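Enquirer: Once you've looked at the hints, dock chain B against the given chain A.
Protein chains: 2
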Amino acid sequence: MLSFAVTLLDPGTDARACELVTPHGTVRTPAFMPVGTAGTVKGIAAWELDRLAPEMVLANTYHLLLRPGEERIERLGGLHKLMAWPGPILTDSGGYQVFSLAARRQVDDDGVTFHSHIDGSEYRLTPEAVVSSQARFGVDVAMQLDECVASTSSSAEVATAMRRSAVWATRTLAEARRIRERATWGGGLFAIQQGGLDPGLRAESTERLGSAPFDGFAIGGLAVGESRQDLHGAVAASAPLLPAERPRYLMGVGYPEDLLHAVACGVDLFDCVLPTRSARTGKVFTSRGELVIKHARFADDAGPLDPACVCPTCQRYSRAALRHLFISREATSVVLLTVHNLTYFLNLMRGAREAIMAGRYSRFRAATEAARLNGADESAPTGRGDS
Amino acid sequence: MLSFAVTLLDPGTDARACELVTPHGTVRTPAFMPVGTAGTVKGIAAWELDRLAPEMVLANTYHLLLRPGEERIERLGGLHKLMAWPGPILTDSGGYQVFSLAARRQVDDDGVTFHSHIDGSEYRLTPEAVVSSQARFGVDVAMQLDECVASTSSSAEVATAMRRSAVWATRTLAEARRIRERATWGGGLFAIQQGGLDPGLRAESTERLGSAPFDGFAIGGLAVGESRQDLHGAVAASAPLLPAERPRYLMGVGYPEDLLHAVACGVDLFDCVLPTRSARTGKVFTSRGELVIKHARFADDAGPLDPACVCPTCQRYSRAALRHLFISREATSVVLLTVHNLTYFLNLMRGAREAIMAGRYSRFRAATEAARLNGADESAPTGRGDS
Numbered sequence: 002m003l004s005f006a007v008t009l010l011d012p013g014t015d016a017r018a019c020e021l022v023t024p025h026g027t028v029r030t031p032a033f034m035p036v037g038t039a040g041t042v043k044g045i046a047a048w049e050l051d052r053l054a055p056e057m058v059l060a061n062t063y064h065l066l067l068r069p070g071e072e073r074i075e076r077l078g079g080l081h082k083l084m085a086w087p088g089p090i091l092t093d094s095g096g097y098q099v100f101s102l103a104a105r106r107q108v109d110d111d112g113v114t115f116h117s118h119i120d121g122s123e124y125r126l127t128p129e130a131v132v133s134s135q136a137r138f139g140v141d142v143a144m145q146l147d148e149c150v151a152s153t154s155s156s157a158e159v160a161t162a163m164r165r166s167a168v169w170a171t172r173t174l175a176e177a178r179r180i181r182e183r184a185t186w187g188g189g190l191f192a193i194q195q196g197g198l199d200p201g202l203r204a205e206s207t208e209r210l211g212s213a214p215f216d217g218f219a220i221g222g223l224a225v226g227e228s229r230q231d232l233h234g235a236v237a238a239s240a241p242l243l244p245a246e247r248p249r250y251l252m253g254v255g256y257p258e259d260l261l262h263a264v265a266c267g268v269d270l271f272d273c274v275l276p277t278r279s280a281r282t283g284k285v286f287t288s289r290g291e292l293v294i295k296h297a298r299f300a301d302d303a304g305p306l307d308p309a310c311v312c313p314t315c316q317r318y319s320r321a322a323l324r325h326l327f328i329s330r331e332a333t334s335v336v337l338l339t340v341h342n343l344t345y346f347l348n349l350m351r352g353a354r355e356a357i358m359a360g361r362y363s364r365f366r367a368a369t370e371a372a373r374l375n376g377a378d379e380s381a382p383t384g385r386g387d388s
Numbered sequence: 002m003l004s005f006a007v008t009l010l011d012p013g014t015d016a017r018a019c020e021l022v023t024p025h026g027t028v029r030t031p032a033f034m035p036v037g038t039a040g041t042v043k044g045i046a047a048w049e050l051d052r053l054a055p056e057m058v059l060a061n062t063y064h065l066l067l068r069p070g071e072e073r074i075e076r077l078g079g080l081h082k083l084m085a086w087p088g089p090i091l092t093d094s095g096g097y098q099v100f101s102l103a104a105r106r107q108v109d110d111d112g113v114t115f116h117s118h119i120d121g122s123e124y125r126l127t128p129e130a131v132v133s134s135q136a137r138f139g140v141d142v143a144m145q146l147d148e149c150v151a152s153t154s155s156s157a158e159v160a161t162a163m164r165r166s167a168v169w170a171t172r173t174l175a176e177a178r179r180i181r182e183r184a185t186w187g188g189g190l191f192a193i194q195q196g197g198l199d200p201g202l203r204a205e206s207t208e209r210l211g212s213a214p215f216d217g218f219a220i221g222g223l224a225v226g227e228s229r230q231d232l233h234g235a236v237a238a239s240a241p242l243l244p245a246e247r248p249r250y251l252m253g254v255g256y257p258e259d260l261l262h263a264v265a266c267g268v269d270l271f272d273c274v275l276p277t278r279s280a281r282t283g284k285v286f287t288s289r290g291e292l293v294i295k296h297a298r299f300a301d302d303a304g305p306l307d308p309a310c311v312c313p314t315c316q317r318y319s320r321a322a323l324r325h326l327f328i329s330r331e332a333t334s335v336v337l338l339t340v341h342n343l344t345y346f347l348n349l350m351r352g353a354r355e356a357i358m359a360g361r362y363s364r365f366r367a368a369t370e371a372a373r374l375n376g377a378d379e380s381a382p383t384g385r386g387d388s
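Heads up: the sequence lines are chains A and B, in that order.
With the first sequence counted from 1, adding 1 to any position gets you the numbering used here.
With the second sequence counted from 1, adding 1 to any position gets you the numbering used here.
If we strip away everything but chain A, and leave its shape as in the complex, we get:
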């Protein structure tokens, strides 16, 4: 079991500053988790990650089961050893990846069978197997197996998947208890609320999960193609349903404005590929909005990506140099832009936490959003890109 405490509630919103104590350290929230899918944050050496100092990082059970496999990870001393990262790790259960990446997928009430996107070999995930895998990885937070459906699914399909996921949550919890009784694992287990954009289904999902002693609750099934308005509406409706005395984790979200909105709704934890994946396509997050580094307008720009940023990329490299390295397809460009983008997201959540602790979260959010909106005019893409 993890220990969790709400440190301070913002007076004007539902935002809160909390501490989640895990076997590998304390996670101060609100917090953004960089994504290290296959056992590394892409392009980031462990000592670089130390300096970025995220509260917790995320890895994917799906990818790690396929390669290098759970037996191997356990034999090598666990996922922390593999990643060379001594801090807290949360693993997604694989549910989302099975439904988005895997081939020839067959779901039944007991679990899901699929074929690897790497080599086609067959795998079977059950609620019990998935928590067992995560326990063998030695993670700090395991996620239950859930059934994810497309954003275009009918209400009946969403409801069926939600109810099945709730049954799986209960089975996962029972298995987690059995594992803990053998005292081989000290991590926590989070359940996942489903129900799409339907507040009634979200409420039913929460009721089905809410009375069981999970260590935390996630909001799943969002950021799958819905509009920003729908996303914000669903978060605003879903977050307050979850128990206030447990951490709340919004999965796979999102843009800075989405995080700031969700924090105001009482969400504590986030993960998203946006800062890392965007770095690889040359999209940069700044205090004055996004910019696309390959654009010709940056070719002679001697300034840093973000004058307000303290990351080493902004201390050392000009926009012109970063554009040159990006269009030259240099691997260094991935490293430099990833360090910058992660710094932006991590500091955004650090700033949110400080603001909550100072009782001024609404002002922090408004100022952050205004600067991004005003700055966007000058730093947004102009369409004059040369490649």
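Quick caveat, the hints were computed from the structure, so don't treat them as lab data.
Heads up, a few of these hints could be off.
Heads up, the list lumps identical chains together, so a pair's fine if it works in one copy or across two of them.
[Claimed, not checked] The calculated SDA-like cross-link candidates involving lysine to any residue, where the alpha carbons are at most 25 Å apart (straight line), are:
#1 Lys284 <-> Ala47
#2 Lys284 <-> Tyr124
#3 Lys82 <-> Ala300
#4 Lys295 <-> Ala332
#5 Lys82 <-> Ser152
#6 Lys82 <-> Pro305
#7 Lys82 <-> Ser212
#8 Lys295 <-> Ser122
#9 Lys284 <-> Tyr256
#10 Lys82 <-> His25
#11 Lys82 <-> Ser4
None of the values given here were measured: they were computed from a predicted structure.
Expert: Same frame as chain A, now just chain B:
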């Protein structure tokens, strides 16, 4: 003009420890220069390069002329700014790349015309233009334009190219003087000895160059496909011909054993893509020989790449983790293996310098080569690779 001093001569060989003072710092030799072709050592952020602390780094005039171009580099404050590297930089003249990379190449006595391998646009290099470009980059050491010929060329072709290169060297030196009189550049100029594997042509080349006040001399036209025996023979014959009171630079070489041999012949400076390019193909240099990280035998190997290595990759990552990241094609793998391989080459030359200063270079060389040869049995590829 650069200042150069021989600090100590090894009593048993021609090895020497020297200091070359440049506008951006002192280069203590023997020294290995990491290759930063297009303005970055591939995968290595500037702050990572700071920690690796090479004495000098190499960049390629050819690549930089094509992209981002000399006007842009000068406008942005020079190559040191572009690379975010405050230490000494040497640029190759582009001669070798024109002859190995460029399309539709036409050489005449005045220079060479070619088409960019990136976009096909036409460029013209002359001896004068090339040193002017390097001066605009603001490099610490510029190389003369030379004509490089294939290793399969006839003796007559090698002789013609050598004589043309010598004329170009004289023209380059005259242009460098004109540039320095305008006081816009404080870097030095190295001439390049050519002549293939023929000691007579090497001697003629040196005579043609030797009386002019170059700041250093390079041995060019080697490591282009000849056997190790031929390479070592040519270095042993060529190095002593070059003036002892100037730095000697062996271009594009090579394996650790080639460096150790050349140091014993009195060579001071080296550059090679071997440590960086090998990192991208999973080949690792260690004190006990080379290993290929993708091989299945490393899948459960919890040890470091090289137990004798102090680099952060060896301090944090197991061979098993590095194999997993490499076969998963993670960009992090490039970073980690490059940091390790560069550490190996840089420390090899640091060790050579220390040994020379202690008067025990021959023993250092013998012990280093013996450990690599003996260790190779256990760490060399077994052919049981799985990918």
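Enquirer: For each hint, tell me whether it holds in the structure or not.
Expert: Do the hints match the structure? See the list:
In the homo-oligomer, the alpha carbons of Lys284 and Ala47 lie at most 25 Å apart both inside one protomer (23 Å) and across protomers (21 Å), since each shortest distance falls under that limit. Neither within a single protomer nor between protomers do Lys284 and Tyr124 lie at most 25 Å apart by alpha-carbon distance, with minima of 36 Å and 32 Å respectively. In this assembly of identical chains, Lys82 and Ala300 lie within 25 Å of each other by CA distance solely across copies; the values are 14 Å between and 41 Å within a copy. Taking identical chains as interchangeable, the C-alpha atoms of Lys295 and Ala332 lie at most 25 Å apart whether they share a chain (15 Å) or sit on different chains (20 Å).
For the homomeric pair Lys82 and Ser152, neither the shortest alpha-carbon distance inside one copy (37 Å) nor that between copies (48 Å) is at most 25 Å. Only between protomers do Lys82 and Pro305 lie at most 25 Å apart by alpha-carbon distance; the minimum there is 12 Å, versus 35 Å within a single protomer. Taking the shortest alpha-carbon separations for Lys82 and Ser212, neither the intra-copy value of 35 Å nor the inter-copy value of 60 Å comes in at or below 25 Å. For the homomeric pair Lys295 and Ser122, the shortest alpha-carbon distance between copies (21 Å) is at most 25 Å, but the shortest distance inside one copy (39 Å) is not.
Taking CA atoms no more than 25 Å apart as the test, Lys284 paired with Tyr256 passes inside one copy only; the shortest distance there is 12 Å, against 39 Å between copies. In this homomeric assembly, Lys82 and His25 come within 25 Å of each other (Cα to Cα) only inside a single copy, at 12 Å, whereas the closest approach across copies is 40 Å. Within a single copy, Lys82 and Ser4 get their C-alpha atoms as close as 24 Å, which meets the 25 Å cut-off; across copies the closest is 49 Å, which misses it.
Of the numbered hints listed earlier, those contradicted by the structure are 2, 5, 7.
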